[in-house]
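Trainee: Start from the sequences, fold in the hints, and give me the full structure.
2 protein chains.
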Amino acid sequence: MCFTSSCCTAVRDPAMSTNKGAGGAGGGGKKKKEVKKETKLGMAYKKDDNFGEWYSEVVVNSEMIEYYDISGCYILRPWAMEIWELLKEFFDAEIKKLKLKPYYFPLFVTENVLQKEKDHIEGFAPEVAWVTKSGKSDLEAPIAIRPTSETVMYPYFSKWIRSHRDLPLKCNQWCNVVRWEFSNPTPFIRSREFLWQEGHTVFANKEEADEEVLQILELYRRIYEEFLAVPVSKGRKSEMEKFAGGLYTTSVEAFIPNTGRGIQGATSHCLGQNFAKMFDITFENEKGERSMVWQNSWAYTTRSIGVMVMTHGDDKGLVLPPKVAPVQVIIIPVPFKDADTTAIKGACESAVYTLNQAGIRADLDARENYSPGWKYSQWEMKGVPLRIEIGPKDLANKQVRIVRRDNGTKVDIPSTDLVEQVRLLLNVIQVNLFETAKQKRDACIAPISTWDEFTAALNDKKLILAPWCDEEEVEKDVKARTKGELGAAKTLCTPFDQPDLPSGTVCFASGKAATKWSFWGRSY
Amino acid sequence: MCFTSSCCTAVRDPAMSTNKGAGGAGGGGKKKKEVKKETKLGMAYKKDDNFGEWYSEVVVNSEMIEYYDISGCYILRPWAMEIWELLKEFFDAEIKKLKLKPYYFPLFVTENVLQKEKDHIEGFAPEVAWVTKSGKSDLEAPIAIRPTSETVMYPYFSKWIRSHRDLPLKCNQWCNVVRWEFSNPTPFIRSREFLWQEGHTVFANKEEADEEVLQILELYRRIYEEFLAVPVSKGRKSEMEKFAGGLYTTSVEAFIPNTGRGIQGATSHCLGQNFAKMFDITFENEKGERSMVWQNSWAYTTRSIGVMVMTHGDDKGLVLPPKVAPVQVIIIPVPFKDADTTAIKGACESAVYTLNQAGIRADLDARENYSPGWKYSQWEMKGVPLRIEIGPKDLANKQVRIVRRDNGTKVDIPSTDLVEQVRLLLNVIQVNLFETAKQKRDACIAPISTWDEFTAALNDKKLILAPWCDEEEVEKDVKARTKGELGAAKTLCTPFDQPDLPSGTVCFASGKAATKWSFWGRSY
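These protein sequence lines are chains D and L, in that order.
Per numbering that gives the first Met the number 0, the first sequence runs over residues 0 to 523.
Per numbering that gives the first Met the number 0, the second sequence runs over residues 0 to 523.
Source of the hints: derived by calculation from the structure; they are not laboratory data.
Remember, predicted model here, so these are calculated numbers, not experimental data.
Heads up, some of the hints might be wrong.
Pairs count within a copy or across copies, as identical chains cannot be separated in the list.
Claimed, not checked - Straight-line Cα separation of at most 20 Å, SDA-like style, residue types lysine to any residue; simulated pairs:
#: 1; residue 1: Lys-87; residue 2: Trp-195
#: 2; residue 1: Lys-95; residue 2: Tyr-352
#: 3; residue 1: Lys-322; residue 2: Glu-84
#: 4; residue 1: Lys-241; residue 2: Lys-489
Mentor: And the structure:
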């Protein structure tokens, strides 16, 4: 249930009304006149019944997202941005240990430079947004908005790198990128503008590049598993699914049991020497010879927040892992008639203070125009991991009641144990969310060996683990044979953690000798 | 002098060569074949002789900026971005104390919404960049890239705000904005894309809005004076110069003695109720009546870094205030032949470690392919506040030599006093840079009382303090009468710190009764 004035607005309405009556200024629409309708209680959709609508409702009602009047663009509200900031704080500190330096390259790139690497531009061309006018004047030539920054940066890498002493070069930027996609815009998951970090690194040899690809992939795994409590598989992308223009792509892949779809969590690419060739990035090595560099690029985006919402959310709303929860503990006074309201409020304030001092993100909901029950529901909607209730009985017994968001269990603990118990519970919840999600994900993994088993598992929304011959033509063929309303099946990744592949095992799709196990399925 | 391979590239060459011979990929150009030419020593221009060229050279040679192949767009390199991150760390923590919340609103805005507030759009229309195509398809309607986000945000403020309990609403975002200006693009100072923070706040009454305008302005003063060591004047903008569509604008104004131009450092606007009216942002007050909100918006940008460069830089390059220097102390080993190189290097490493442990940003330049003299010059170019030299004599005497960047003075100090002395010197330099800049700025202030004195002071590159009648027509008239190659004179601000205005004082331009002292001059 949800009771604030601003969090229960209708969802799924990107084309917003501009009729607000006299003086109504368009764009924001839908207000005031519909207040009554909008104070309806709780979530209208259930996660298992209508996942798509449930997701839209939960991101809006938890106040993470506001739909914007341009389709595929979304407003990120503090409840989302504070999570993004927490993830950024971790990741930025980690890459600075790896000697990454902060850069900011322009949003714009000329057509000429954008098209320098052919495979790369083919991959991105249909989604590129073009600026053609400023004020009322036409630009001399259209200018593209970056869909990613390889072509923006690499001409300058060519300029900056001369000697082996200039290597490695390690750039990272936190910025927005634009990909004007037309299929199924979804908050966080698929949006026309999104926030990300993009790392671009240059090395003297392949060994160093290969090593970094995996260092970064491990950081991405930690973001998902340690922070967002989302289980992921590390692996390598197929030739068809790798980054356009790169040598090979590694990724962390998550899975959404409700839809039976895989979702790419983040990618760490080795670009090899392909861009180096196109952009003439060479250096003089120790022997005085001219050599070509090796490059990587890697990124994770605000999509990660969406994957987390899909994984943990339930019919009451969002469920946040403590490590990324903007508020980890919400404290709610529970006054009864005739009770000493001042003393209760004092105890609540003191609890907030004690927890904050211990580095725990705790907050007090002291609003007097909402009942405790209403507040419980609202903070459940927002996914806060722990709720503390303090009423007259608690005050008398020198205790507080703690309620877990993840499983609803309640426990009364002595006020003197507050910090210790809260810290313990937050850790338990973090682990529990991950373990629960992992069990659900693992239960979806279907090892198969034949085409019939494959199609049955696909219909059954499984994460398919199949022996494969690793041939591009075969993946194309599987795509063609499975295409339909729900989208075709494709490889998600070839996991690094490979089960045994007995000799003589054949590819599920081609009957040729299988060389590896790969994850297959539909994907976001 | 400058000796790294990458920092001495030619300046002022936004239209980069695309001829790199066989395999040459355009965009980056200018490399390898010109290595010899580019290893020339030091700065080609002097600050007092050719300020414009000197500025371009110093931002490029210090490795803050790389010119980009789209005019008016610049690459911010780590030496600039690390300063931006230090400023952001301070400012973001301060506004979070004021309960500002992080948001991210889209880069794009529809034509319809952008044009909602007429004065506002008139102010920005000529500079707006328009996206009209995605891939090969025309968009249904052109979409603007935000030049600022009032019109992006306020339709949603209208939706979110219903009751007095929803106020104040306090949003801040760190992002890029685009203003496609055509006059004199200059790195940091005037660029087509720049980074900033924009705060947007909504209050129930004017008093709270007024109070916040000044709280934020004080933070901007601290960024300039306490961090960048640049003296600024707080004041109010004239009606002509205020923010388009707002009620009144306050600003911090800096002054560049070399060019005799004022430069707006940051602005804190009270928007009044104008946008509230246009976007229908109202709330139910405590009495149950519908009221219109009061709004502010405020911003500072990467321009601040440029103002700092102009203020402190000298003929050897950049001079960085210690508080924002990415490296505060550079330690350079000075081996002599037959000296114990290992011991010297060990002493240097130990000094770096000791300083880092004390929270001082110190680094070691252990490169063996450059002489100490070369390194001195390079770190002077980059503006590092303190250089520590350690040679055989220093080792024997258990001392280090410290050299100040701001005034070149050298001092030998016992190694045991290292942290204490470095900390002291960094503080002294921070204060000295500010005091020196303030003296220079103050020496340019010319209080005048007549038109003849005004034009003389203008020709003399003064920061003119003039008694004024505060009439818009008079400012227009002054602009018209002073226009020419160097640009017209205008008001910079009416400083809060007002000198005595004896009754009977008349306006320098109109002869009417003067109501205030205002700063006038040419500006960036």
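Trainee: Of all the hints given earlier, name the ones this structure violates by number, lowest first.
Mentor: none
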